[in-house]
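Chemist: Protein chains in written order, with the working numbering: chain A, 1 to 291; chain B, 292 to 456; chain C, 457 to 1238.
If you are wondering where the hints come from, they were derived from the structure by calculation, not from laboratory data. Owing to the predicted nature of the structure, the values given are computational and were not obtained by experimental measurement. There could be a bad hint or two in this list.
Computed, partial: chain C to chain B, Cβ under 8 angstroms [said to hold, decoys possible]:
1. Arg515
2. Met517
3. His577
4. Pro653
5. Glu655
6. Phe708
7. Gly951
8. Asn1114
9. Pro1118
10. Met1119
11. Glu1163
12. Asp1167
The beta carbon of each residue, even a glycine, is placed where N, CA and C say it ideally should be.
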Amino acid sequence: MKPAPFKYHRAETINDATGMLASLDNARLLSGGQSLMAMMNLRYVMVDHLIDLNPVSELAGIRIDRDRVELGGMTRQRTMLESDEIAIRAPVIREALGFVGHVQTRNRGTVGGSLAHMDPAAELMGIAALYDAEITLTSTRGERTVSIADYPMGYMTPNIEPDEILTRVSFDLWPQGHGYDFREFAQRHGDFAVVGVGSQLTLDDKGEIDRAAVVLIGVDDGPVRLNDVEEALIGETPSDDLFRAAGSMAAKQEMMGDALITADYRKRVADAFVRRSLTNAAARAKEISHA
Amino acid sequence: MPDGKHTREINVVVNGEPISAAVEDRYSLADFLRKVIGLTGTHLGCEHGVCGACTVLVNGDAVRGCLMLAVQAEGCEVTTIEGLANADGTLGKLQQAFMDNYSLQCGFCTPGILTTLTAYLRDHPDADEPEIREALSGNICRCTGYDTIVKAALSVAAEMKGARA
Amino acid sequence: MTEKVFVGQSVKRLEDPNLLTGKGQFLDDLKLPGMLEAAFVRSPFAHARFTDLDIEDARKMPGVVAVYTAKDLPDVMQGKRILLQVPNPAITNPITQEPLASEEVCFVGEAVAVIVAESRHEAEDAAERVIVDWDPLPAAGHCDTALKPGAPVAHSDMTDNVAARFSLGYGDIDKAFKEAKHIIKERYVPHRGTGHPMECRGVCAIYDAVSDAFRIWSSTQTPHNTQRGVVDMFGMPEDKVRIITPDVGGGFGPKNQVYPEEMVIPAAAQMLGRPVRWTEDRREHFLTTTQERDQVWELSAAVDDDGYILGLKGSLIHDAGAYLPWGSIMPYISATTVPGPYKLGSYKIDVTVAFTNMVPTTPLRGAGRPQAVFVMERMCDLIGRELAIDPAEVRRRNFIPADAMPYKMGLTYRDGAPVIYDTGNYPESQNKALARAGYDTFPERQAAALKEGRYLGIGIGNYVEGTGLGPFEGATIRILTNGRVAVYTGATPAGQAHKTTLAQICADQLGVDISDVDVVVGDTGMMPRGAGTYASRITVNAGSSVRTASIEVRGKLLKMAAAKFDVEEDDLECVGGLVRIKGEQGDSIGFSDLAKMTSGMPGYVLPEGIKPDLEASAYFTPPQATYSNGSHVAEVEVDPETGLVTILNYVVVHDCGNVINPMLVHGQVQGGVAHGIGNAILERMVYDEDANPLTTTFAEYLMPTAEMIPDCDIIHMHSPTPLNPLGVKGAGEGGTIPAPAAIVAAVENALQPFGIRINECPILPQRIVELIDAAGTDKGEE
């Protein structure tokens, strides 16, 4: 299982990388490589040129400016997992990253690589959807920003032009005291999720839900925001019945089936996991006065 | 497809020894270690990034040797199982704990497990059993059923704790 | 006799220092000058014919030295197939693989051409350029459907998929079923898995034209089998074919079989005059390395009101896969293992072995026994359920009592000897397991948990396992002129630490430290006859041979020294590599000096009765299998909403007679249970209806990881066997055999409120949820 031959190119700057990408035929970008290299070893992917983004230091880093976060495309999953700022301001990200692969793959895997690869079960895609993130793509033609809603184009097909690099992802933080939860079902730690659920909510000073976001991963080409569930939660007081109804609503989504996992089973798991996720998120939420 | 074999000269420090060598662009770090510089202690168990046998340390961090290209290790320090013994050639603490606790049978997965735990215990000397098991979740061992591996790791963690106390 | 006793002690392994420092030498680690690397072109179809194989483009690829198809192989190989390892008259169609398929492929992954190149990378590049004109044929899928009338045939020249048929049993089965108050029927379907040693297979060969001889390294459990295969294929004398096993990174059964690559790689080395190596990669392992466990059982039990089993009858369909390299051994073992520790009044089973277009099946840790134990133990549970008797009590009533040993069952085992259980206390084994597992108080735990919406279950698995099969495994012990002791044996370890175990046995007899013993394993050049490592047989066979040969060598040492010192042999002892006169400061002579004297030292005349060389060989030939036994109790929690199974507690009672090294037996049991847990709840080799494999990476086929495997609570019982001088029985497979039975029983028990029955393994979360849904009594409250 050895990759087909290719020529390796080392990019030092974003300009380097976009330049090479624009001029080389059948080229592909290499970030963490934790999915791409496996696919190349299996010869599912064969390229003539591989452009390595790892040396591009301007692509890496977590920047938090007041209530907005910007993650450089080459920020390692481990860096995010170990960031105190992320842990405090966006704890759901840390919880989600705990499900991403293993210690060895998180040491190399990057946020941009994960979003660009766009596995249906990608936790970071779920996080991006949960936060209504914006994804910035750069090419020799300039920069463009795509909202996460417009990002998935099909199975493992993101809205990225062949000459574009995913340079950063940015989103607004939730207020302090918000409730959060991320969980996923897989038989073993680090496996592709059968279903994953991320949820966040805030409670007003009456203890009613005044903002909610719920996302499923692993059930469709891209993450699925449960807008109907979110709407149904607004103005309600957390309760077992409420979240049970939310689970049932989630299970009505269309879901994909494959040779090993059926759509029906995904629905069953989503039903339970949406309920459990919201229950935990509500338990973690503190009442916030917006006065 | 571009013509000819694409190779590069790389400079790496492997187990403390500076090495300059030519390597094909497409060679994984594990293939480089095994086939180019003859360090066959690092094993390939699946080459698709799941089994963990090929785990080596790059600048101290555990990575899959089958999912990183050798050319990407330019300028890096790489540590393999061959570099884990004490300077005098005696077994390192973790290696000795593996021998004392019977933490290996066929020994094929052992290189990746030793490197993984070396980095993990360095970073998490207070690790408890569930944490150690999670840290090992990216390494498959078919022989042992893991209990003796976990015991060895816990014994080293306890020793490290004792040394700091 | 000795100052230190090693047998029975948990001595540390002699194998470890190399393996812990990266100095192991596995197949892919070998460095031979001028070595070439090979890759195979394999079928993407489960069943197809091919007319044209165009290798011209591949030949021209960079680094390529040669491309061979079936017709390019040496003349001596033309028209030949791999040797059938275990012939049997019940086999109606003894078909094995060709080294390279010549016109028809019968499973995905079957090889049609080999590329030999300067590097594996280049060989793979060229393999992509071979153009094959495939003509796909209908494929035989699961063994159940493969036997139905009109099913596609696995080989186009066959009229049906029957590979073998036989029946066996004892007692008056018709009478039992006529008289029984209750007839309880069930269908059981255990599924395929794979062995998946962490090291895949591999072969490396050199042909020496001067002496017309092969030297072949293979990552195998049975070098002597490989030798027989190569000798047969090439028509060469045995002394021209030397098979050497380097360090082997796990076996678990599938490396106990002669593979096509073990023929093709030597042929390539011969034709090219250069060393050639092929290292199997994980995808090839999924596609081509043998698997096991697909079976379909239809069983009926004749039971009286008290749960005593008067008779058990039914049918077994066993999936052979596309070829029969191991004959009909596994279903035979299955059929003879079913009665296990129970005194069945009568027994009758009709077995059909079916060809399918999947990877051939050969023994895999347990070898037909996990399935047999699964069906028997599940039947005990079902009887308990139908008659409202506790499942442990059903077993208790049917156990063969301890005082019935030796117990003759009435069947003939695979070694041709009658099944006679030698020793063991089955009721006590279960009693100990239940006591340790807190079985009596479990209903309280279960009820308390249910109040919290948690579903706990408990399950039992008892088994009896024929181990230590012959025909033999030999050992030669030689005192070297440097004073060290060499042990040569056909034993071929793949992680079992045979070097340590055999050194322990030898060291005790010769009064040396185990570090003074060099055990040479798995090399047909050093040990001309051998069987190999399978069937939990090495300690029984090779261990006994080492003991016998060591005693003979000790006799020679004493005789030599007695002549030298002019004393009686009784006045001498072997201690620390010396023979010395007993008593303080007695005269002594080192093994080294004695070895030099007998090795042909000019001027030295051997004493009367002493033959040259301090050496002895022994080939222990067991009269029959010796039967290990044990009991497993699993306690699990099941999440009925997701089907996730968590193992909370796992108790093992294990009886393998005397134990040479308790630490090593512990590891065999714990590791075996881990494999069994995989077989119970994780590992499923999925094929579609047309026999296309769907799980071909470790991301799809799930192996047990550290977070899933509990520390087993292992209790050892010791019922030594009189059948060998060490009193030992096999220990390598007992951890795996009853695990699926115990775990699946526990899952079913946990889900009692839903009223489901589970008659398959592995049982994956999705299937659990499906069964709950199908039961239609959804009480799934969290």
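Chemist: Give a verdict on every hint.
Modeler: Hints versus structure:
1. Arg515: violated, 18 angstroms
2. Met517: violated, 11 angstroms
3. His577: holds, 7 angstroms
4. Pro653: With a minimum Cβ separation of about 6 angstroms from chain B (threshold 8 angstroms), the hint on C/Pro653 holds.
5. Glu655: holds, 4 angstroms
6. Phe708: holds, 7 angstroms
7. Gly951: Constraint on C/Gly951 satisfied, holds at 3 angstroms.
8. Asn1114: violated, 19 angstroms
9. Pro1118: Violated, because the Cβ-Cβ distance from C/Pro1118 to chain B comes to roughly 10 angstroms (cut-off 8 angstroms).
10. Met1119: holds, 5 angstroms
11. Glu1163: With a minimum Cβ separation of about 5 angstroms from chain B (threshold 8 angstroms), the hint on C/Glu1163 holds.
12. Asp1167: holds, 4 angstroms
Violation of the numbered hints given earlier is confined to hints 1, 2, 8 and 9; the remaining hints are satisfied by the structure.
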